[in-house]
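Trainee: For reference, the chains in residue letters:
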Amino acid sequence: MSDQSLELKGSLFPLSVLSCADLSVSSLSWQLKQKLAQAPAFFYQAPIILNLADVEQAPDFHAIKQLFTELKLVLVGVCGASSELKQQAQQAGLAALQLAKDSKTAVTASSNTRQTAVVTSTVNVPMDSKIVEQTVRSGQQVYAKGADLIVKGTVGAGAEVIADGNIHIYGTLRGKAIAGAGGDSTKRIFCYNLQAELVSIAGNYWLSDSLQGDFWGKPACIKLQDDQLVLAELA
Amino acid sequence: MAKIIVVTSGKGGVGKTTSSAAIGTGLALKGNKTVIIDFDIGLRNLDLIMGCERRVVYDFVNVINGEANLKQTLIKDKRTDNLFILPASQTRDKDALTKEGVERVLNELAKDFDFILCDSPAGIEAGAMMALYFADEAVVVTNPEVSSVRDSDRILGMLSSKSRRAEQGLDAIKEHLLLTRYNPERVEKGEMLSVEDVKEILSIDLLGVIPESQAVLNASNSGQPVILDKDSDAGQAYLDTVDRLLGEKVPFRFLTVEKKGLLKRIFGG
Chain A
1 MSDQSLELKG
11 SLFPLSVLSC
21 ADLSVSSLSW
31 QLKQKLAQAP
41 AFFYQAPIIL
51 NLADVEQAPD
61 FHAIKQLFTE
71 LKLVLVGVCG
81 ASSELKQQAQ
91 QAGLAALQLA
101 KDSKTAVTAS
111 SNTRQTAVVT
121 STVNVPMDSK
131 IVEQTVRSGQ
141 QVYAKGADLI
151 VKGTVGAGAE
161 VIADGNIHIY
171 GTLRGKAIAG
181 AGGDSTKRIF
191 CYNLQAELVS
201 IAGNYWLSDS
211 LQGDFWGKPA
221 CIKLQDDQLV
231 LAELA
Chain B
1 MAKIIVVTSG
11 KGGVGKTTSS
21 AAIGTGLALK
31 GNKTVIIDFD
41 IGLRNLDLIM
51 GCERRVVYDF
61 VNVINGEANL
71 KQTLIKDKRT
81 DNLFILPASQ
91 TRDKDALTKE
101 GVERVLNELA
111 KDFDFILCDS
121 PAGIEAGAMM
131 ALYFADEAVV
141 VTNPEVSSVR
151 DSDRILGMLS
161 SKSRRAEQGL
171 DAIKEHLLLT
181 RYNPERVEKG
191 EMLSVEDVKE
201 ILSIDLLGVI
211 PESQAVLNAS
221 NSGQPVILDK
231 DSDAGQAYLD
241 TVDRLLGEKV
251 PFRFLTVEKK
261 GLLKRIFGG
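Each protein sequence line maps, in turn, to chains A and B. Those letters in the first sequence? Residues 1 to 235, by UniProt numbering. Those letters in the second sequence? Residues 1 to 269, by UniProt numbering.
There could be a bad hint or two in this list.
What the hints assert, rightly or not - Restraint-style ranges between C-beta atoms, simulated for each label pair:
| hint | chain 1 | residue 1 | chain 2 | residue 2 | range |
| --- | --- | --- | --- | --- | --- |
| 1 | B | E103 | A | A21 | 54 to 62 Å |
| 2 | B | R55 | A | L207 | 31 to 39 Å |
| 3 | B | Q168 | A | A21 | 48 to 56 Å |
| 4 | B | K162 | A | K145 | 51 to 59 Å |
| 5 | A | Y192 | B | E248 | 45 to 53 Å |
| 6 | B | K162 | A | L12 | 22 to 30 Å |
| 7 | A | E70 | B | S147 | 51 to 59 Å |
Unchecked claim - Partial selection, computed: residues in chain B whose CB lies under 7 Å from chain A:
| hint | residue |
| --- | --- |
| 8 | R150 |
| 9 | D153 |
| 10 | R154 |
| 11 | L156 |
| 12 | G157 |
| 13 | S203 |
The set of hints was computed from the structure by calculation and includes no laboratory data. Note that the Cβ used here is the ideal one computed from N, Cα and C, for glycine as well.
With the sequences and hints as input, model every part of the structure.
Mentor: Here you go:
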């Protein structure tokens with residue numbers, strides 16, 4: 001029993017990566033305050049990773065850490081650091097993380113233009129699409145990350161199809177369809193036969209009760225209009 | 001090379017073992033050397049339905065563990081030539097099956113047999129996964145009601161993602177729908193899903209429709225596969241099912257309410 005009290009598991013969490021050319025405390029403090037003023041609640045106690053990809057001189061990690069605490073942010077670690085910087089960050093009690101490839105390119109792009117502003121926005125990649133040839137069965141989940149999702153077959157009851165982009169279903173939609181999962185409210189759901197358990201666009205959802213009516217069992221398009229889901233004919 | 005067919009459903013009590021016994025017997029009646037394996041370790045039932053419970057000496061787990069060989073373990077059916085049963089162990093649990101062990105037994109059986117029928121336990125856990133993993137074809141047994149249909153849908157998802165054929169990128173498992181406990185009267189009253197409803201939801205080929213019948217219960221109780229009761233509707237429906245499994249085109253029967261009166265029957269009322 002005793003060895004079950006402790007568990008160590010790998011998990012993935014979304015973290016904000018902060019890139020800034022000037023990491024002196026005074027400059028960082030001013031820029032961060034401005035950024036936070038735009039959306040104070042959004043970044044409250046948010047875990048942050050500091051990107052050191054284009055930093056040569058070692059910043060004062062202890063001072064930065066303190067600044068983050070004052071601003072109600074949590075500095076978790078650094079990424080993109082040279083081995084020397086990595087060591088210093090670790091001594092300051094920060095984790096050294098590996099940076100994924102695509103965000104690295106985004107960083108170099110911003111450093112090329114010599115931006116001094118704080119960059120926390122995500123990279124804008126053109127929408128791709130993911131095609132599922134067969135039926136999505138109960139219990140199966142399909143996620144089109146950063147892409148549109150096209151399902152040729154039916155989405156069964158208890159199945160889930162999720163996309164950051166639009167969702168097109170050429171069969172019957174009996175399960176759940178979640179479009180604009182990344183928060184994009186312009187995305188839509190198209191299906192040839194609407195009998196869904198749930199449809200959602202950018203976090204606004206309807207259960208099947210709300211879908212009863214003219215379009216139940218018929219071709220339909222679902223979109224978001226003034227923060228309201230709207231059903232329309234698939235003309 | 002033997003064809004491995006799994007009889008599965010997800011949901012319990014829909015008629016997997018009854019169908020395994022009937023289809024296995026039917027295949028053997030048609031001259032195919034057939035073995036039915038009971039994968040329901042710990043809840044052995046196939047031996048009862050086949051009426052050979054008093055002849056079980058060794059079981060599937062014994063063979064996997066090398067405690068007995070196949071020749072000692074296989075039970076030859078007394079009524080039907082070419083038919084053998086490999087019983088499950090009643091004293092063990094599903095973890096007694098290993099992928100390597102099952103594969104070894106199946107390979108050995110494949111040398112001798114034309115058809116290997118795997119009678120799956122209910123659920124989607126290790127036992128059921130093991131039963132479907134090596135399959136070439138699948139008979140998905142479904143009752144015409146929503147929970148059974150949904151569980152079948154779930155199992156169909158497993159067949160197309162968790163089987164050996166899926167993992168090795170081979171041709172997909174051939175999936176067949178077997179609708180059991182079908183009652184046309186209740187369908188007409190709207191108390192049961194129709195064949196068309198189920199076909200539409202699951203979108204796989206229909207292999208057979210077995211009518212709800214007293215003959216099935218009688219057969220189970222007397223330890224005799226219902227397909228041997230050739231006068232019964234269920235027996236005939238299973239015979240048709242086996243013919244279709246062997247590639248013959250047979251029209252579906254017992255789908256509509258039988259009207260009383262001779263004229264109506266003659267003119268197909």
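Trainee: Next, verify each hint and record whether it holds.
Mentor: Results for each hint:
The hint said 54 to 62 Å for the Cβ distance between B/E103 and A/A21, and at roughly 59 Å that hint holds. A C-beta distance of roughly 55 Å is found between B/R55 and A/L207, which places it outside the suggested range of 31 to 39 Å. Checked against the hint of 48 to 56 Å, the C-beta distance between B/Q168 and A/A21 comes to roughly 51 Å, which is consistent with it. Between B/K162 and A/K145 the CB atoms are about 23 Å apart, so this pair departs from the stated range of 51 to 59 Å.
The given range of 45 to 53 Å is broken by A/Y192 and B/E248, whose C-beta atoms sit roughly 34 Å from each other. Under the hint 22 to 30 Å, the C-beta atoms of B/K162 and A/L12, about 23 Å apart, fit the expected range. The supplied range of 51 to 59 Å is met by A/E70 and B/S147, whose beta-carbon atoms lie about 57 Å from each other. Checking B/R150 against chain A by beta carbon gives a least distance of about 5 Å; that is within 7 Å, so the hint holds.
Below 7 Å, beta-carbon pairs count as interface contacts, and B/D153 has one with chain A at about 4 Å; its hint therefore holds. Because the closest C-beta pair between B/R154 and chain A is about 4 Å apart, less than 7 Å, the hint holds. The closest approach between the C-beta of B/L156 and any C-beta of chain A is roughly 5 Å, which is under the 7 Å cut-off, so the hint is satisfied. A cut of 7 Å between beta carbons decides the hint on B/G157: the least distance to chain A is about 3 Å, and the hint holds.
Taking 7 Å as the C-beta cut-off, the interface hint given for B/S203 holds, the closest approach to chain A being about 6 Å.
Checked against the numbered hints above, the structure breaks hints 2, 4, 5 and satisfies the rest.
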